[in-house]
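Engineer: Spelled out, the chains give:
Protein chains: 6
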Amino acid sequence: MNERKEPTYIYSEKQVAEKSEVARRFLETRTRLNENVDQADNFLVKRFYNLDHNTYLEGALSSKMKELMGLVASAVLRCDDCIHYHMVQSYRLGATRAEQEEAINVALVVGGSIVVPHLRRAYELLTELYR
Amino acid sequence: MNERKEPTYIYSEKQVAEKSEVARRFLETRTRLNENVDQADNFLVKRFYNLDHNTYLEGALSSKMKELMGLVASAVLRCDDCIHYHMVQSYRLGATRAEQEEAINVALVVGGSIVVPHLRRAYELLTELYR
Amino acid sequence: MNERKEPTYIYSEKQVAEKSEVARRFLETRTRLNENVDQADNFLVKRFYNLDHNTYLEGALSSKMKELMGLVASAVLRCDDCIHYHMVQSYRLGATRAEQEEAINVALVVGGSIVVPHLRRAYELLTELYR
Amino acid sequence: MNERKEPTYIYSEKQVAEKSEVARRFLETRTRLNENVDQADNFLVKRFYNLDHNTYLEGALSSKMKELMGLVASAVLRCDDCIHYHMVQSYRLGATRAEQEEAINVALVVGGSIVVPHLRRAYELLTELYR
Amino acid sequence: MNERKEPTYIYSEKQVAEKSEVARRFLETRTRLNENVDQADNFLVKRFYNLDHNTYLEGALSSKMKELMGLVASAVLRCDDCIHYHMVQSYRLGATRAEQEEAINVALVVGGSIVVPHLRRAYELLTELYR
Amino acid sequence: MNERKEPTYIYSEKQVAEKSEVARRFLETRTRLNENVDQADNFLVKRFYNLDHNTYLEGALSSKMKELMGLVASAVLRCDDCIHYHMVQSYRLGATRAEQEEAINVALVVGGSIVVPHLRRAYELLTELYR
Numbered sequence: 001m002n003e004r005k006e007p008t009y010i011y012s013e014k015q016v017a018e019k020s021e022v023a024r025r026f027l028e029t030r031t032r033l034n035e036n037v038d039q040a041d042n043f044l045v046k047r048f049y050n051l052d053h054n055t056y057l058e059g060a061l062s063s064k065m066k067e068l069m070g071l072v073a074s075a076v077l078r079c080d081d082c083i084h085y086h087m088v089q090s091y092r093l094g095a096t097r098a099e100q101e102e103a104i105n106v107a108l109v110v111g112g113s114i115v116v117p118h119l120r121r122a123y124e125l126l127t128e129l130y131r
Numbered sequence: 001m002n003e004r005k006e007p008t009y010i011y012s013e014k015q016v017a018e019k020s021e022v023a024r025r026f027l028e029t030r031t032r033l034n035e036n037v038d039q040a041d042n043f044l045v046k047r048f049y050n051l052d053h054n055t056y057l058e059g060a061l062s063s064k065m066k067e068l069m070g071l072v073a074s075a076v077l078r079c080d081d082c083i084h085y086h087m088v089q090s091y092r093l094g095a096t097r098a099e100q101e102e103a104i105n106v107a108l109v110v111g112g113s114i115v116v117p118h119l120r121r122a123y124e125l126l127t128e129l130y131r
Numbered sequence: 001m002n003e004r005k006e007p008t009y010i011y012s013e014k015q016v017a018e019k020s021e022v023a024r025r026f027l028e029t030r031t032r033l034n035e036n037v038d039q040a041d042n043f044l045v046k047r048f049y050n051l052d053h054n055t056y057l058e059g060a061l062s063s064k065m066k067e068l069m070g071l072v073a074s075a076v077l078r079c080d081d082c083i084h085y086h087m088v089q090s091y092r093l094g095a096t097r098a099e100q101e102e103a104i105n106v107a108l109v110v111g112g113s114i115v116v117p118h119l120r121r122a123y124e125l126l127t128e129l130y131r
Numbered sequence: 001m002n003e004r005k006e007p008t009y010i011y012s013e014k015q016v017a018e019k020s021e022v023a024r025r026f027l028e029t030r031t032r033l034n035e036n037v038d039q040a041d042n043f044l045v046k047r048f049y050n051l052d053h054n055t056y057l058e059g060a061l062s063s064k065m066k067e068l069m070g071l072v073a074s075a076v077l078r079c080d081d082c083i084h085y086h087m088v089q090s091y092r093l094g095a096t097r098a099e100q101e102e103a104i105n106v107a108l109v110v111g112g113s114i115v116v117p118h119l120r121r122a123y124e125l126l127t128e129l130y131r
Numbered sequence: 001m002n003e004r005k006e007p008t009y010i011y012s013e014k015q016v017a018e019k020s021e022v023a024r025r026f027l028e029t030r031t032r033l034n035e036n037v038d039q040a041d042n043f044l045v046k047r048f049y050n051l052d053h054n055t056y057l058e059g060a061l062s063s064k065m066k067e068l069m070g071l072v073a074s075a076v077l078r079c080d081d082c083i084h085y086h087m088v089q090s091y092r093l094g095a096t097r098a099e100q101e102e103a104i105n106v107a108l109v110v111g112g113s114i115v116v117p118h119l120r121r122a123y124e125l126l127t128e129l130y131r
Numbered sequence: 001m002n003e004r005k006e007p008t009y010i011y012s013e014k015q016v017a018e019k020s021e022v023a024r025r026f027l028e029t030r031t032r033l034n035e036n037v038d039q040a041d042n043f044l045v046k047r048f049y050n051l052d053h054n055t056y057l058e059g060a061l062s063s064k065m066k067e068l069m070g071l072v073a074s075a076v077l078r079c080d081d082c083i084h085y086h087m088v089q090s091y092r093l094g095a096t097r098a099e100q101e102e103a104i105n106v107a108l109v110v111g112g113s114i115v116v117p118h119l120r121r122a123y124e125l126l127t128e129l130y131r
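Residue numbers (the working numbering), protein chains in the order written: chain F, 1 to 131; chain E, 1 to 131; chain H, 1 to 131; chain C, 1 to 131; chain B, 1 to 131; chain Z, 1 to 131.
There could be a bad hint or two in this list.
Any copy, or any two copies together, can satisfy a pair, since identical chains are not distinguished.
The list that follows gives simulated cross-link-like pairs (lysine-lysine, PhoX-like), each with its CA atoms no further than 25 Å apart [stated by the list, open to error]:
| id | residue 1 | residue 2 |
| --- | --- | --- |
| 1 | LYS46 | LYS19 |
| 2 | LYS19 | LYS5 |
| 3 | LYS64 | LYS5 |
| 4 | LYS19 | LYS64 |
| 5 | LYS14 | LYS64 |
| 6 | LYS46 | LYS64 |
| 7 | LYS46 | LYS5 |
| 8 | LYS46 | LYS14 |
Bear in mind the hints are in silico, worked out from the structure with no lab data behind them.
Just chain F, same shape as in the assembly (with noise of 0.2 Å):
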């Protein structure tokens, strides 16, 4: 039962925000629509949040890892706001850049040419987070 220690973020998301156009209006958004979700307390969402929350701290695998796992994930199913997340969470754990590019070629090799527009949001992203 070694999965649930916070980790320690190097950046808040404000720094974040800060540093990244297209990370802060991500963040925005993301905060502005939770709004929303936030006051319907719908039972089972917030315990999936709950869920979901708890998959990234540390455990066998550091967080930093799992961030660069979910990554993965959101980039061979594409979804942006996903990536945006995982890359952003991943930044504030210290990940560095050339962490981040690898962990996106394994997505670009498992899911394809499909994945290549993504990537190219992505690497607006790493540009702006790294510079």
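Let chain F serve as the given structure and place chains E, H, C, B and Z on it in line with the hints.
Structural biologist: This is chains E, H, C, B and Z only, laid out in the frame that chain F set:
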């Protein structure tokens, strides 16, 4: 052969568009883009549209329930336009907010966190429709 | 918070397995494989299974209707095991053959001809369950 | 409205089944399972089957080319039955092995390495059909 | 090894951009985002781009036909950028509007109504390209 | 350009096949089917295989971590052969059972209950590999 009676809508598309800005924009864009499709007058596309229409008629299952099923299918396949469409249809057929939320919950659990960004946008529409 | 009452099943899994050979093989394999999962006693997997269980309880929508929605989601995502599972559950909760067929029709039209091989296997189960 | 002329097949399904064991098993299972579907006599399923049949008729694009497109679509969506079906149809309409391989290559590059296990099984059928 | 001859384009990207506003916006965004990718100079991404380029060269199947296959694959996988890309390429290689519509029909029937919102946007591009 | 060093395997494929019956069957089928692919000697397939091989070499991320990422991608895309392959590779590179379980958990939460049947089969392999 009981799949063929037109349902009775409680609200018109116009009433929905007046209530919700998200719905209005979706319906307008859909109408505008469908004009190109209509003008093309493609035999197979017309037959597909007709088949699609027949799928949701009153039958062994009510139109409302089948629109909610269309919502679940759209959410796990992660198509925002399709999600909006079936939410509007369900609303027009009298689905309550609680029913729509439970349908989305099925999609969330079957489809996973990759559904979450679509759920967020769906809740924005829920908030506007059921205020 | 009305999503939490256990449904009343008309048939037990054992009765279903006696009626349908397809169902029997599916249920036996599932039980055998779940033993490995149970023994692993993974915290997150257990929580996910629990969340999954809660999703289909009686609520604003009946368990039967949500199992049929699970069937639609499984069919458009093309998972035979999941299709079989939700068809068995729907049957145990009193869904008629016509209701199951209409749910599959929604999946067929939303998901396209790629769903057809799964529809064929689903109809084999339908034939056995409703004879 | 030029999508409506039946194609001329060079080989019958029977001849294909005699040449390839993989094709024979696929075709037999498909025939056996379709009997359940035929007996159910579901209005929407029959219309969908009819629409599907119309899609691949001779038109602006040849039936052979559209069957190869069906192969590409089936491969990126990773449905072995559908891949086998469109490979058999393409073969019956005179597609060469090189044409089938290039169609699969498009699917491989668009769909990525997740397509590879299906490609391996497709090549088994290619080997049997074109020996 | 006959997959390696560059195709002859009838129209340049510039000519397409002048004819269609949808194409122009797509091509400009793609060019802008690709700059980040090019500057990153990632070995694997470059090799993937190269492999992708080789896939659509003249061979046993013409480049035009393979671009139309890319369109079918993109449509069933529901990637608007990819759909636009392959429609532009097909147009540049001399595909007629009827050929593009039939390719989209294959995608519609294989992929189902979830393809419809993408079909609507594709028809907007068709209308601009073939006026 | 640090993605190019071959990893050091702790176990050979042969050792894995001796330990696990599930792995043995998977590896044998894969070897047998790959013979058809090898004999076809398709230029693009060979280049894709080569690119795929390069993706998982030691680099900014270890081969072990990238194989676990391949596992996550395979699980959310629901390809049993791909799941088995990356689990075997991760095992051969020293991944612990807890690490494999956590990778699968990321896939379960991102991909939802549709992943569960694949998780069950993955746990069968885990049980055999780590006994």
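Engineer: All the hints need checking, so say for each whether the structure fits it.
Structural biologist: Hint by hint, here is what the structure shows:
no. : hint           : verdict
1   : LYS46 to LYS19 : neither (30 Å within a copy, 28 Å between copies)
2   : LYS19 to LYS5  : neither (27 Å within a copy, 34 Å between copies)
3   : LYS64 to LYS5  : both (13 Å within a copy, 23 Å between copies)
4   : LYS19 to LYS64 : within (20 Å within a copy, 32 Å between copies)
5   : LYS14 to LYS64 : within (19 Å within a copy, 33 Å between copies)
6   : LYS46 to LYS64 : both (24 Å within a copy, 23 Å between copies)
7   : LYS46 to LYS5  : both (20 Å within a copy, 18 Å between copies)
8   : LYS46 to LYS14 : within (24 Å within a copy, 34 Å between copies)
Consistency note: the structure conflicts with the earlier hints numbered 1, 2.
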